[in-house]
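Kindly produce the complete structure, drawing on both the sequences and the hints.
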Amino acid sequence: MSGWKTTISRRPVIAGALALFGLAIGGAYEAGLFRARPKGPYGDLLSSLDDLDDAPIVGRAYLAETKNFDAKAVAAQLRTRLSNRSLSDVLNIDITGNQIAEAGGWVLPETLALLCALAASR
Amino acid sequence: MPIFTDARAVPAGTTIDTDLAIIGAGPAGITLAMALANTPIRILLLESGGGEYEEKIQALYKGSETGVRYLPLDACRLRFLGGSSNHWGGWCRPLDDSDFEKRAWLPYSGWPFTRAEIAPYFARAQALIEAGAPVYDELKDKMDGQIALGDGGVYTSYFQFSKTRGDVTPTAFGERYSADLRRIANLQLMEHANVTGLRLAHDAKSLDRLDVATLSGNKFTVKPKYAVVAAGGIETARLMLASNDVMKTGVGNGNDLVGRFFADHAIPRNTATLVLFDGKIAPYYKTTIDAAGVHFRATFSPTESFKRERQLLGSLTTVENHVELDALGKAAVAETASALGVDASNARAFALGCGLEMAPDPDRRFTLTNERDALGMPRLQLHMTIADSDFARYRETIKELGRQLLAAKTGMIRLDRKTRSEWLAVMDWGNHHMGTTRMHDDPKQGVVDANSQVHGIANLYVAGSSVFPTYGSSNPTMNLLALTLRLADHLKTVFR
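Listed in order, the protein sequences are those of chains A and B.
In this text, residue positions in the first sequence follow the working numbering: the first is 1, and each later residue adds one.
In this text, residue positions in the second sequence follow the working numbering: the first is 1, and each later residue adds one.
One should not assume that every hint holds.
DSBU-like mimics (lysine-lysine), calculated; alpha carbons at most 30 Å apart, straight line [unchecked claim]:
(1) 409/B - 280/B
(2) 418/B - 330/B
(3) 330/B - 39/A
(4) 163/B - 140/B
(5) 67/A - 280/B
(6) 399/B - 67/A
(7) 67/A - 330/B
(8) 72/A - 330/B
(9) 280/B - 72/A
(10) 444/B - 248/B
Pulled from the structure, derived: some chain A residues nowhere near chain B, Cβ distances all over 12 Å [said to hold, decoys possible]:
(11) 41
(12) 67
(13) 73
(14) 79
(15) 83
(16) 121
No wet-lab data here; the hints were simulated from the structure.
Glycine included, every Cβ here is placed at the ideal spot set by N, Cα and C.
Spelled out as structure tokens, the structure:
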């Protein structure tokens, strides 16, 4: 096999490595790893929401129709609900269990409404 | 004798003998006459109007209203050949099983028979209204694009429509069946014949004769062996209440039930907003279409089990026009879709309309006033009511629809009405007049018995939706026709 030689150019290797790094960074961003945890006492809960801009708007509508909203108690309740479960799973449990809330007439899974209310309470 | 005659040409003071007098040539009266065609029964069908709308005749319907705003009594029905089928929308759907049930939580509920009693007549009723083959909810297996809903209490239901293709309006019974009526040898149809009195025998146990008058001043008498009042859900009660010479409270009104329990389908507008995350909606949700050999439209209805479990009444929910969302709506959709992991970048919103069943209410009633019409008949006053619980029940149904949309991740719902004033501000009515001569085995609870015979009066019957003790959410026309066809079979046995 003399004369036969496998050669690897450095340039494509570097380009490939950069591409993989970029994908990893992008994936991590999508997964929220580089996203700043929301500030405030409920940041740990609100980090489960992708859309923190709209949440307070919904939350204010919920609070406008809810008497005696105890944010600390709700937060404690949500921490229990969300421990070892994804938000998606908890919302599915709400929906199938008829744990439904209203915010300005919008019919929402209760946990989502409560998270929005906490976002509005910060 | 010609089959179509005019009461204005009958010599004053005449007495006309007949086997069966039918008062009113609307859908019920015409159907009854046609169902008894070619029998030995001599039928006289008395119609107040002629073949066309006439203002002076229509004015006989004028009355007044108190309570919740309702439609003017001379605008919500029509008084000429074909009756209110001259302006109906053609919506058709048989009543549900649960509509006939006695429900412990719903006072005054319960028909004297189950749906099975009139089910054999639905096919003929369907043919009369020209709504094609009765497929209804079978369409769910045939149509693409049905909105996905999670398991729950609301489903996509289907209404079929009376012949409404192109510029053809729903079946107007007078125009459509005029030629058929003319071919019935045992029928005489008399136009411009206003029955102004149901005159009982002195013992009040049978009908003796009918007073008939015309706007031209003619008066004469009809002496039938049997009579069927088929004058519509309002006028039937008026005629019975006004015929108070022997029974001082009115014919069949010994227990103060005639005119009470009036009902219509409440049709509040823009009751809710539907958002579909992918923005796609099949056309048959928004309008009527022709497919599978029928003309139909999809609606949302509560299931039988959901109604029973949650103690709800019937309703139908329609998807109406596209609407824009406000800032809260956009935020709610974005937040919810994101949390559910759904793309809502193409989401679109639609207003929802509805028709909802009312709970029976004896205080929702017609009474006679001192005002008289051109024939000397006392005019009616309606006291209209609607209960907060009627709104609440419907709201619960729509909330369930919202839950099921979330479960399927297809969309969401905004409930747009909450307070009574919000509901009443958008209120409209279906012009489905029901309940004023309700059916019950017990004379203390109903005006007519299970055969539609007025309790205690051997030869007087009522046809039409005034006999409905509860109302369902299906439009009444097809169902009252089925009941009328059943009555025709009963009358055949009576005359045998």
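Each hint tested on the structure:
1. 409/B - 280/B: Holds: residue 409/B and residue 280/B sit about 13 Å apart, inside 30 Å.
2. 418/B - 330/B: holds, 21 Å
3. 330/B - 39/A: With Cα atoms ~24 Å apart, residue 330/B and residue 39/A stay inside 30 Å; holds.
4. 163/B - 140/B: Status holds; Cα separation ~21 Å.
5. 67/A - 280/B: Given that 30 Å is the threshold and the Cα spacing comes to 38 Å, the pair is violated.
6. 399/B - 67/A: holds, 21 Å
7. 67/A - 330/B: This hinted pair holds, its Cα atoms lying about 25 Å apart.
8. 72/A - 330/B: holds, 28 Å
9. 280/B - 72/A: violated, 41 Å
10. 444/B - 248/B: Holds, at roughly 17 Å.
11. 41: holds, 20 Å
12. 67: holds, 15 Å
13. 73: Non-interface label stands for residue 73/A: nearest chain B Cβ at 22 Å, farther than 12 Å.
14. 79: Correct as stated: the minimum Cβ-Cβ distance to chain B is 17 Å, above 12 Å.
15. 83: holds, 18 Å
16. 121: holds, 16 Å
Hint compliance for this structure: hints 5, 9 are broken, all remaining hints hold.
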